[in-house]
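S.K.: Take a look at the letters that make up each chain.
There are 2 protein chains.
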Amino acid sequence: MSDWVWSCEGYDPHAEGLRESLCVVGNGYMATRGAVPESQAGSVHYPGTYVAGVYNRLEDVIEGARITNESLVNLPNWLGLTFRIDGGAWFSLDDVEVLEHRHNLDLRRSVMHRRTRFRDGEGRTTTLTQRRFVSMASAHACALESTLCAEDWAGSLEIRTSLDGTVENAGVERYRQLACDHLDAVGSAELDPETILLEVETNQSRIRVAMAARTSVTRNGSPFRPRRELRERSRWIAHDLALDVEAGDVVTIEKVVTVFTGRDRAISEPAAEATVWIGRLPSFETLLGRHVKAWANLWKRFHFDMTDREETLRTVRLHLAHLLAAVSRNTVDLDVGVPPRGLHGEAYRGHIFWDELFVFPVLNLRIPLVTRSLLRYRYRRLDEARQAARAAGYSGAMYPWQSASDGREESQQLHLNPVSGRWLPDPSSRQHHIGLAIAYNVWQYYEATGDREFLTHYGAEMLAEIARFWSSIASYDHSLDRFVIKGVIGPDEFHSGYPGAEDDGIDNNAYTNIMAVWVLSRAQEALGLLPDQSRAELLDRLEIGSGERDRWDDISRKMVVPFHDGIISQFEGYEQLEALDWERYRERYGNIQRLDRILEGEGDSVTRYQASKQADVLMLFYLLSADELGELLERLGYRLEPDLIPRTIDYYLARTSHGSTLSAVVHAWVLARAHRHRAMDLFVQALDSDVADIQGGTTAEGIHLGAMVGSVDLLLRCFSGAETRGGRLMLNPLWPEELGTFEFAIRYREHLLHLQISGVEVSVRSGAGSHPPIEIACRETVAELWPGSSVEFRL
Amino acid sequence: MSDWVWSCEGYDPHAEGLRESLCVVGNGYMATRGAVPESQAGSVHYPGTYVAGVYNRLEDVIEGARITNESLVNLPNWLGLTFRIDGGAWFSLDDVEVLEHRHNLDLRRSVMHRRTRFRDGEGRTTTLTQRRFVSMASAHACALESTLCAEDWAGSLEIRTSLDGTVENAGVERYRQLACDHLDAVGSAELDPETILLEVETNQSRIRVAMAARTSVTRNGSPFRPRRELRERSRWIAHDLALDVEAGDVVTIEKVVTVFTGRDRAISEPAAEATVWIGRLPSFETLLGRHVKAWANLWKRFHFDMTDREETLRTVRLHLAHLLAAVSRNTVDLDVGVPPRGLHGEAYRGHIFWDELFVFPVLNLRIPLVTRSLLRYRYRRLDEARQAARAAGYSGAMYPWQSASDGREESQQLHLNPVSGRWLPDPSSRQHHIGLAIAYNVWQYYEATGDREFLTHYGAEMLAEIARFWSSIASYDHSLDRFVIKGVIGPDEFHSGYPGAEDDGIDNNAYTNIMAVWVLSRAQEALGLLPDQSRAELLDRLEIGSGERDRWDDISRKMVVPFHDGIISQFEGYEQLEALDWERYRERYGNIQRLDRILEGEGDSVTRYQASKQADVLMLFYLLSADELGELLERLGYRLEPDLIPRTIDYYLARTSHGSTLSAVVHAWVLARAHRHRAMDLFVQALDSDVADIQGGTTAEGIHLGAMVGSVDLLLRCFSGAETRGGRLMLNPLWPEELGTFEFAIRYREHLLHLQISGVEVSVRSGAGSHPPIEIACRETVAELWPGSSVEFRL
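Protein sequence lines, in the order shown, are assigned to chains X and B.
Residue numbers for the first sequence follow this note's numbering, so the first one is 120 and each next one is one higher.
Residue numbers for the second sequence follow this note's numbering, so the first one is 120 and each next one is one higher.
Simulated from the structure, these hints should not be mistaken for lab results.
Now the in silico label distances, taken between C-beta atoms and shown as ranges:
1) X:747 / B:900: 43 to 53 Å
2) X:121 / B:322: 48 to 58 Å
3) X:401 / B:620: 31 to 41 Å
4) X:312 / B:322: 23 to 33 Å
5) X:340 / B:660: 24 to 34 Å
6) X:747 / B:901: 39 to 49 Å
7) B:660 / X:800: 31 to 41 Å
8) X:300 / B:415: 46 to 56 Å
9) B:660 / X:766: 51 to 61 Å
10) X:121 / B:651: 20 to 30 Å
11) X:352 / B:289: 39 to 49 Å
Just some of the chain X residues that point at chain B, by a computed CB distance under 7 Å:
12) 327
13) 384
14) 386
15) 387
16) 388
17) 416
18) 488
19) 499
20) 500
21) 524
22) 648
23) 650
24) 656
25) 887
26) 888
27) 889
Far from chain B, by Cβ distances over 12 Å, these chain X residues were calculated:
28) 206
29) 212
30) 249
31) 304
32) 407
33) 423
34) 773
35) 900
Here the structure is a predicted model, which is why all the values come from computation and not from measurement.
C-beta: ideal position from N, C-alpha, C; glycine also.
With the hints as extra help, turn the sequences into a complete structure.
M.R.: This is the structure:
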């Protein structure tokens, strides 16, 4: 394997997970499902593709044990292509003797290759080779080329090329009892002898989806017109192509497909568009050429290289390819967010959580146009967040922990503990810290781009409304002469409340309180950056008076932060919880990531123990540099003792069950800062979480986009020590000399920068252009960098 | 009337036009129809509102005399509110004696007021007062408050509040034989005793539209729960409210309404959204407060003041209000263009032409966020324009003269001459100069904002593809050693070809050739402005090699421009056409704006004569300053003789029938440059074109948005001599001293500027902020202006 190809050999009908299926091919607009093994599809049919950004949200009622709250909808399956010989059964891998089977994902070109050589029950040997891609160059195009070689037989070959709207969302086993079937039939048609059209409609959100496919055949390299028959059923249409084959004949079937939905821009009606555009799609090869070129340009933006780290590079590229399959230029006009499993996986049913916190840094520093669009997704749901705050008795905007199409809170109200079989109340909507993540993302985007226009029209308003929410939920405690925030849940979901009041939230979660202070300060800073008139308009529109801003300022100086034993307490009273006998539980249960379920199954409660599911206090060290955290604590009148960070890290690492892939990213990050020489090893571990399916099975439900991208980002930002703050790009590299040279590309405030880091030197080169210079700081040195010039720092 | 209120007194059931109907109230997202007189509605029902940006395009087939190509669709009518007394007939203005009738459009607040006092057949006297608005603060909200005073009677009062989806597009008489009915029923429901819901779907584009209304009643100031009955028919739902009234009672009916379509962002399904949001809408007064505040802030951006010119100011404000009713922050997320009659008028059925050329300058210098969105509308249709070029045998992008939802050419292929009754071929799709207008708009946006990000991702690509089209349509003429462009139609639609070949286009239209050179130069300039890597990516993606760019350069130095008798010829051979006996035709026909139809009716052809429908060569003087035009001609090796501009103006003014409202704007502009002391008079004439319905009836079919906004813009830009070119704001004021002081606000490259111009001085003040300084040039002086400072120039 080169550092650009993911490959697997051999056919295992029971294999699951990434290495087997390797289906991560998309273009943002649509993406093929990642993780369902072929055996499940039973033939050369591949799993369906999804409507990007179509969240089909039924009412989140609870009907007995059936939660009918769905949000990702299958696109019709465009990959349907199968065959049979002499009128026998349609091909299935399970019915033949597999002689060779190879699967390659060419990351550089984002093309999936497979080659299967097999012998069927009649002793006939056939080779099937396929190439497919979802075009990065044209949002609406995808293509599949299949080549069949009749090695040692002659006979009649029938090929079935179909579009299938009977797809279900059945990728996650435990959801199969929920509503899985989201498409209604609209119609189908044969557009011409080579072309079929299928139109369906989502059955709740009423979005039409139209797909058209054109299939052409060559035999031994020459165009060939096979006999054709049209087949139609409800939500399904196919062409059956028949031809006679001699031994040694090579038959190539080229299928190009286009898809449109009613949410697309610049269309009349989806079926009308699909009908027009299928006729305009060029050949497989021409489409492929454009697709490869688009990826070549993307890889320049996402350039990354290291001496002698082929495996790491390949994983990094896989992660980036997965990211770009979900969000790219092609999604800029769609109203989509970043679901935890990308657009491929059905786990969490496409709901939006806080994963963008781990994804945006990589985008901000490469294609911020995409981040801008994703932040606009949040902005469009600001009104809904305002309503949520008002309904809960607060001001400003209370963003929902889980959301879907219209941005309202979608967190379940009950959840099932599979260990105990009990349905339990689910208070996870108390995770108001999602708003902190959104505010952080707005600010990071601004720092990376200097986009004052965005800040003026959208960003400052979001920051102000989120700040306002925190101001309204904070209350003044006279006895402390400080502000407190009560009844929330922090990132660590185990502590949903105190023992005996498990669902009422906890008080003064350090992460929440400190980040609330950060947001209150950034909101003020953002308002200060606006032109006078724009600021006045915004404050007038939001009815923010000077009294309110004084209160923000006051809170940002007087928020309480709990400490104990020289470390930051996760929340008020954490130190009074009981110690858990970790060894005993590890011995007894093996995997204790979901310790909460284990304890509940025992009639106990995880809220009684000093035990965390995931990084909570440690998130602070992930989001804020030591300098910035120190400034915030100082502003609050606390002292950042020199050993506070390492002590706090050690303390919580010993008390965490690591029940979240995102947590692994955070832990790798903070550990790398504490143990810099081990950084590479830690990162490689974090990088591998999906590749190795460390959670044992969750990868098959969809790849963890946040963890994937987060791991790439920390590799990048930790080694370069890159920080965008105060209008400067700061570099503080930690690259061990023995690892050779590390190089990568970033975009900072219009500059396309090429960075090279070795143990002794950092060099930064900026491409030519007419944009203004930037400031780069490396440790104590600050340099001004103009387009077309470069700067070196000795370490 | 103050300078903020349009008012009319008295009721004339036959009146048409703007002064009578005064219905121009919208918020971008939806807009009420402008010009249908109330008599047509027959009761207090108002005309319907439109789905902004929903272009319902049927196939542009011609079925006999029935062209079924529609593109604007009515929203259900939300204003339905009528009443009856003691079970009599429902109220109609035609059935009562109107004692007083007053209509006011409060421009400052964008609120429509009416007050009607009448006596019915039973001798009862009643006063009806209404206030209504479509909220600028909340895109989806509108509200109507109706107050009935039973002056001298007692009885049972029934009020009907309805949502009506049976609306038709019947606003233009000659279109009434075309398909007018575009909505299918989906469903209706009573959501609660005060609230009704209606859902319909467009019958071609399949866009759902849902509307909900909540109606509450007070009697003599106290909340009152009337008896209620639900009424439902297909596409129609109403609540009938009944109460008993004493003489002197005052009954107020408050109706708040919300609307969503399937093209909206951040929604689940339109009816689901309408159901949720109608419950959240506050009272009429609260909604009004926010609406007024939003307008107050808009008027600051569009600030405009002149000493003692109340009437002019009022007209300017009316025009601006009409613009902002069509496009605003509320349309930024919609996929909409700028139709000639805004979103109100049905003339041209909502198709998009080149009107944005006259509209964008005003937006660029005030709310460029909106222009950016409108340019993105064009960008999304770039692929369609590429297809059009390819289909016609050209390269690059050939934008369509008329377009609708999906951006393909929608120009009719036949048109009816009502004078002769003949159906004639319509070659208007040869007006490829639309692409020049789009390129011009891209560049002007960039000059006004300095938005390199837009240029990088969208603008440069549009410029390059449009340039490429002109390069491919231009051919090299060896005998001339110059490039020529043949077979096009320029802005003057009379000259669709040469005599005897009326539909084949003309050669070397000076406007087209010179602007093509301008575009080829700007495309190179834009590419030069991109960062190296971005430029390389774009050129790679578009497959533009250096040979192609060399050809652009070559053409931009060697394009032919026809001249005769010391003036620029409209096209090759214009001087050989016959002179028209204008006096004879004016005497015979009176209005000869549509001279083409008159001549065709006589068996003659307008193509034989030196007669133009509208500005063509003169458009050059409108779009380019004399300096810029001189530079272009010099680059081409021509000399701009000092008297060429005035001679050319005089020549064409004598040969133009003024058959376009846009042309009036252009002529006022060029005349003002030639006859500066008459400038104000000319502008006031241009300003009044809709207010006075100078075309005699076309205003009733929809107000001419381009002409309205264009007239404001030329008032502004001509008096200030403002030009944004080469990264500078250039001012060259022509303000006659006797007119006092002229002041206005503009936004230039993040600076919010306040300008004051008198006969002797210009002062420019920039609001405070953190953005970089700008350069301002006034005649020979150049000054650098920082945020928070000001500069004065003595004239």
